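Asks: Chain by chain, the residues run as shown.
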Amino acid sequence: MSAPSGPDKCEPNLVPMLDMVLQLVMFFMVCANFVMEQVNETIQLPEAIAAKPLDPNATNIIFLNVNAAGEVLLSGLDVQGKGKDDNVLRNQVQVQQYMKRRFDEDVRRANGDKDKAKKSSLIIRADKTTPFEKVYAVMKGCQLAGYENCQLRAIRR
Amino acid sequence: MSKKHKPSTDFVEPDLPITPMLDMSFQLMAFFIFTFRPAPTEGQIAMSLPKQEGGESAIPSPTDEKPEVYVVRVEAASNGTISRIQLTKKDDIDTRPVELGADIAAYQKELQTRYAAIQGDKTKAKVTLEIQENLLQDYVVQLLDNGLRSGFTNIAPVPLDPKKR
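Line order of the protein sequences matches chains A and B.
Sequence positions in the first sequence follow this note's numbering and run 807 to 963.
Sequence positions in the second sequence follow this note's numbering and run 3 to 167.
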């Protein structure tokens, strides 16, 4: 028996592999966590079975992140053009003043329709170790500012 | 006019270098795998805000049917956990509270019984949670969660101290 003449080139077909890899890349790109400006990831939320997903028809949603000390942490979107000290609301009076400004802004955006602004979805993302009095102070501040629809955020079990 | 013939060419197979593209794709994939962190699914717990003193909302309408109000008094231990739960029905002749200890399951069972007694009429029922100020948010959410799962939809958490409401 004689060896085959000339060197035979053995090339694996890489195209299906490339297709597969690109599909995986696409998957991870789509699932990647886009930076949610209004949500603070340092806050550890409590768990609840009855927690419902966000209403898709809700138009104006306001997130308020409350840390373990009961301070409201404002996101970059909320305090554009302001200093770092303006990022935290420390008591009910500060919350009320800030929310009143937002409420007036919402009324202006709704062409003076106060009822529409009142129905904005206010979502409080309070840390699970925050004492109730601190969370209640935030709720009360929002209520005194004019908002009516308040919900607590939790991780769905 | 003479007919022009195209010059005949040998068939050349285009050689597209796949390997560098595959390398790049692997790098991209590695990047996304390492930075991939699935976010936990979050949801909302519905609740009612306490009524404001005075103003329009405080004026009762003559056509309004009075709802049955259950008052749940929740006391907290110094570490922020539940130490005692009591349930009373507002405007009831029997004013003695039902003692539920520190057991959330017992609280849920009691609420389920009460809800069944009013034949599941959501408009008739209201739960007011009077919570001690130092109770942790984790337990507040558990109380709201169990209340909602019992069938009640109108649940309002308020501080135990009436002056702070």
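A portion of the hints provided could be inaccurate.
Computed from the model, here is a short list of chain B residues facing chain A with C-beta under 10 Å [claimed, not checked]:
hint: 1; residue: 21
hint: 2; residue: 33
hint: 3; residue: 78
hint: 4; residue: 112
hint: 5; residue: 114
hint: 6; residue: 115
hint: 7; residue: 117
hint: 8; residue: 120
hint: 9; residue: 121
hint: 10; residue: 130
hint: 11; residue: 133
hint: 12; residue: 151
hint: 13; residue: 165
Take a look, some chain A residues computed to stay more than 10 Å from chain B by CB distance [to be verified]:
hint: 14; residue: 834
hint: 15; residue: 862
hint: 16; residue: 934
hint: 17; residue: 954
hint: 18; residue: 962
Derived Cβ-Cβ restraints for the label pairs, each shown as a range [claimed, not checked]:
hint: 19; chain 1: B; residue 1: 105; chain 2: A; residue 2: 917; range: 17 to 25 Å
hint: 20; chain 1: B; residue 1: 83; chain 2: A; residue 2: 915; range: 38 to 46 Å
hint: 21; chain 1: B; residue 1: 83; chain 2: A; residue 2: 820; range: 21 to 29 Å
In case anyone wonders, no lab produced these hints; they're calculated from the structure.
Just so we're clear, the structure is a prediction, and the values are computed from it rather than from any experiment.
For glycine and all other residues, C-beta sits at the position ideal for the given N, C-alpha and C.
Asks: Would you mind marking each hint as holding or not holding in the structure?
Replies: Do the hints match the structure? See the list:
1. 21: 7 Å, holds
2. 33: 8 Å, holds
3. 78: 8 Å, holds
4. 112: It is violated, given that the least Cβ distance between residue 112 (chain B) and chain A is near 17 Å, above 10 Å.
5. 114: 13 Å, violated
6. 115: 18 Å, violated
7. 117: Check failed: Cβ of residue 117 (chain B) comes no nearer than 14 Å to chain A, outside 10 Å.
8. 120: 19 Å, violated
9. 121: 21 Å, violated
10. 130: 13 Å, violated
11. 133: Nearest chain A Cβ about 5 Å off; hint holds.
12. 151: 5 Å, holds
13. 165: Violated, about 12 Å.
14. 834: Contrary to the label, residue 834 (chain A) does not stay out of reach of chain B, its closest Cβ about 3 Å off (not over 10 Å).
15. 862: Residue 862 (chain A) clear of chain B: closest Cβ-Cβ about 13 Å, beyond 10 Å.
16. 934: Check fails; 4 Å does not lie beyond 10 Å.
17. 954: 7 Å, violated
18. 962: The assertion about residue 962 (chain A) is violated, with a minimum of 4 Å to chain B.
19. B:105 / A:917: 17 to 25 Å: 51 Å Cβ-Cβ, so the 17 to 25 Å window is violated.
20. B:83 / A:915: 38 to 46 Å: Check passed, 43 Å falls within 38 to 46 Å.
21. B:83 / A:820: 21 to 29 Å: 60 Å, violated
Hint compliance for this structure: hints 4, 5, 6, 7, 8, 9, 10, 13, 14, 16, 17, 18, 19, 21 are broken, all remaining hints hold.
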